[in-house]
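K.L.:
Residue-level listing of the chains:
Protein chains: 2
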Amino acid sequence: MDSVEPSPYTQLEARFQRLLTLGEAASILHWDSSTMMPPGGATGRAAQIAEMSAVTHGLLCAPETGDLLKAAEDANLDDWQRANLDLMRRRHAHATALTEAQVVALSHASSACETVWRKARAENDFDAVRAPLETLLDLVRDSARAKSDALGLSPYDALLDEYEPGGRSADIDVLFADLEDFLPGFLTDVIEHQSTSTANAPKGPFPIEAQRQLGIKLMKSLGFDFDHGRLDISLHPFCGGTVDDVRITTRYDKSDYASALMGVLHETGHAMYERGLPDDWRYQPVGGALGMAMHESQSLLIEMQVCRSLPFLEYAAPLMAEAFQGSGPQWQPGNLHTLLTKVTPGMIRVDADEVTYPLHVILRYRLEQAMISGDINVVDLPAAWDDGMERLLGIRPANDREGCMQDIHWYDGAWGYFPTYTLGAMTAAQLYISARQARPEIAEAIPKGDFKPLMDWLGANVHSLGSSLTAPDLLKRATGKYLNTDDFKAHLRYRYLG
Amino acid sequence: MDSVEPSPYTQLEARFQRLLTLGEAASILHWDSSTMMPPGGATGRAAQIAEMSAVTHGLLCAPETGDLLKAAEDANLDDWQRANLDLMRRRHAHATALTEAQVVALSHASSACETVWRKARAENDFDAVRAPLETLLDLVRDSARAKSDALGLSPYDALLDEYEPGGRSADIDVLFADLEDFLPGFLTDVIEHQSTSTANAPKGPFPIEAQRQLGIKLMKSLGFDFDHGRLDISLHPFCGGTVDDVRITTRYDKSDYASALMGVLHETGHAMYERGLPDDWRYQPVGGALGMAMHESQSLLIEMQVCRSLPFLEYAAPLMAEAFQGSGPQWQPGNLHTLLTKVTPGMIRVDADEVTYPLHVILRYRLEQAMISGDINVVDLPAAWDDGMERLLGIRPANDREGCMQDIHWYDGAWGYFPTYTLGAMTAAQLYISARQARPEIAEAIPKGDFKPLMDWLGANVHSLGSSLTAPDLLKRATGKYLNTDDFKAHLRYRYLG
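Chains as they are written, first to last, in the numbering used here: chain A, 1 to 498; chain B, 1 to 498.
Do not rely on the hints blindly, as some may be mistaken.
[As the list claims (entries may be wrong)] Far from chain A, some chain B residues (derived; all Cβ distances over 12 Å):
{"#": "1", "residue": "V4"}
{"#": "2", "residue": "L19"}
{"#": "3", "residue": "G23"}
{"#": "4", "residue": "A25"}
{"#": "5", "residue": "S27"}
{"#": "6", "residue": "M52"}
{"#": "7", "residue": "R91"}
{"#": "8", "residue": "L175"}
{"#": "9", "residue": "A210"}
{"#": "10", "residue": "D244"}
{"#": "11", "residue": "P318"}
{"#": "12", "residue": "R366"}
{"#": "13", "residue": "E390"}
{"#": "14", "residue": "L483"}
{"#": "15", "residue": "L497"}
[Said to hold, decoys possible] Pairs of lysine to aspartate or glutamate, DMTMM-like flavour, derived with a Cα cap of 25 Å:
{"#": "16", "chain 1": "B", "residue 1": "K119", "chain 2": "A", "residue 2": "D407"}
{"#": "17", "chain 1": "A", "residue 1": "K254", "chain 2": "A", "residue 2": "D280"}
{"#": "18", "chain 1": "A", "residue 1": "K220", "chain 2": "A", "residue 2": "E444"}
{"#": "19", "chain 1": "A", "residue 1": "K70", "chain 2": "A", "residue 2": "E5"}
{"#": "20", "chain 1": "A", "residue 1": "K119", "chain 2": "B", "residue 2": "D227"}
{"#": "21", "chain 1": "B", "residue 1": "K489", "chain 2": "B", "residue 2": "E390"}
{"#": "22", "chain 1": "B", "residue 1": "K342", "chain 2": "B", "residue 2": "D412"}
{"#": "23", "chain 1": "A", "residue 1": "K119", "chain 2": "B", "residue 2": "D225"}
{"#": "24", "chain 1": "A", "residue 1": "K254", "chain 2": "B", "residue 2": "E441"}
{"#": "25", "chain 1": "B", "residue 1": "K119", "chain 2": "A", "residue 2": "D227"}
{"#": "26", "chain 1": "B", "residue 1": "K342", "chain 2": "B", "residue 2": "E314"}
{"#": "27", "chain 1": "B", "residue 1": "K254", "chain 2": "A", "residue 2": "E209"}
{"#": "28", "chain 1": "A", "residue 1": "K119", "chain 2": "A", "residue 2": "E444"}
{"#": "29", "chain 1": "A", "residue 1": "K489", "chain 2": "A", "residue 2": "E390"}
{"#": "30", "chain 1": "A", "residue 1": "K476", "chain 2": "A", "residue 2": "D486"}
{"#": "31", "chain 1": "A", "residue 1": "K489", "chain 2": "A", "residue 2": "D227"}
{"#": "32", "chain 1": "A", "residue 1": "K489", "chain 2": "A", "residue 2": "D171"}
{"#": "33", "chain 1": "B", "residue 1": "K220", "chain 2": "B", "residue 2": "E441"}
Source of the hints: derived by calculation from the structure; they are not laboratory data.
Built from N, CA and C at the ideal position, the CB exists for glycine as well.
Using the sequences and the accompanying hints, generate a full structural model.
P.N.:
Here it is as structure tokens:
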């Protein structure tokens, strides 16, 4: 039988299908490492994940991939295929900037450092994790330099570009300077404003199984399909797994139900993005989520914009009271809203309110830039962290556990990730304002526990577009504007001083 | 810096290290599929596992692997390295017999058929699984023919050789004929003998959490280390994971604690074999377990030889009574021993006693030979199964759920596996008799709940030897004899007519 050789573009699609399928396998292994794996499995798991990285790196960097990318340049492609090809080229450029030995070394060093960090954090022992973090940072610096040369970006931007394709620190600097200008004064006003309001926290303990069942109920309300996903426990909550098997995690505290619940709703926002990605482009780069800022916007839109709002609490407060067999004024929507929007400068980023959160991020953004440039080293980190907290938030950590050891990032090899949290918060505000303007029924449905109008709008304007547009162009299409601080500041003023 | 090219053998070790590391990753994905994965993840998971099979198949079949195997032939190797090279050659021969397309098709068809089987079995609907099983059997027949040509074995032996390296149906036929001769008459005698004994079964319900905790306690007694393993739930119990992260599963029934408990102890025997394999040869074929018969011997030695014996129950009976807050004569060791050694012909292999179990296996062995040769097809299977049950065990299934749909094997693509269960039972009897002869303290320690002398002997004579000897040679070294039916029959006579 004669056969016609597929076009270079078609061959690239087949190659990336293999790559992304292996990536899904690795994603399940990562989830397992954080949720199921006994401690004695860590060394072997690091080897497995490193080997899978080596395989995908090898496939991506094979000379044929480069040849096919060149050969596909003049192909007659539609917009999605063109966007797909651009994303393939970007991934190839990132991958070929590093040798396989570098990739394997980074994978091993990340796994090793993260494992040590878990124990060191628990024991508040920064010295224990210093050496593996130094090893890891040296490798990340090398990697940043290599990518800088290959991509024509600064070393920091070359790392940022992995998490936020097209993201540049020059743009972030402008947005963050504006927030740094606005937030401290605003924070003072909010604290003053809130000092007159009182709220009574519901009393625990809140049994973990009841917390879990409440989380599941609200996840289902938001549209999470348990035939295509799970809810489990991990030290650092995340959304992982694959598009048709989304795995979110949380951690429970018997004395505080709200922390796990809001975390679950946050991860559900991530999960709904994954589940809404375009089926037709599964296993292709263009079918995947945009950068981490857009991903975070989906979780923050659900958690911060929707679930901490009074209209949502009109629906959820009775369910919360029922879950914990509570009654009385402390379970009233207004009281819960006051509690869930309380602003207090604190040490821990993941527990921070949305007013102080950007200041946590700005601290980390500046520190990670300085670590990559070499302006500060691992040994300088604890003091630099504590000084930064004092300058930005007016409080000083008592120890490294509530200081520079609190986050998994860096210890897992991720430098250049932190700014996406606050870019996501700004994106969320901008999207949610536009959504409610475009479709008033979105806001009307929420107190009834009906999230379909919202999810439909997000599906049409964000999820189903995959990566067919750049993040700025998608945001412009959805909201009429590029990313700016106005809607975020308007949201904060309305919620906290309104 | 000058570098000397590593020897062909050393290069092969590096290549197999990669292969076995990827195999470990696939093993965790298999475990996840059976324990954690939501149903909607099945299609994607099948793609992931098929892609990993393609990658490892590609590595194993690459022309360089063949070249290195040739080049290493005259190398100066020690015994372990020589055995390792032989095992590499065997795996290469198996793998190169199939095209990558065949491997991927088999992986997909197995995943698809297994998924349909889970539902079809629950619904007692053989017709629902007929088409996927036919597709799968066609692929397995093609694969058997291809391997037959490549390995110079009969098609059935070529499949058997994957699970039991060096195993040949001509040898099995002799052993099984002997058992088929012995067992029916023996079974009649046992039923007659047991008709005079009475035993009172402890009354349930047996709460699942109590069953789980009791299982964990006894696993720990046997030496299972939960820093290197887990116990979970799956439809078909198994031992999976990796050497340093062994994952065993069971299924619980509130009305019958013994079934899950004996299952847990059985899988613990498998797990201890994995954990005892030689560290120095991790990631090399010679460092892995011998075939499935030796693996099954380790689980049956623990479950059947040890844990259903009176001396073990002297230790375990009080723990069982305590777990379920029971007391009285039904929790006495003698009573439990009578219950745990009760012989009754039944429909379900995994629930069968050790007297009737080989007859279940002989039925499947004959049927799978006939399916591979083409003497029977999928459409003929239900009737052939039911007729065989009637002939061998004197009972006829009422439906396919308790007939030809009961086992996962075949539906997951495994033809040639079944005989290893009974080879394992015979091996277990032979090893345990020799162990107690060699070290009398083994038997003395068991009523005290001390399994160290036994595990030490198994470690020295089985586990730590990995695959450095063939199964027959290892058995000869440990027991002075090749595999035969004498010790198994002696064990049965002692336990059931003694």
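K.L.:
Going back to the hint list, which numbers does this structure go against?
P.N.:
2, 3, 4, 5, 6, 10, 16, 17, 22, 24, 28, 31
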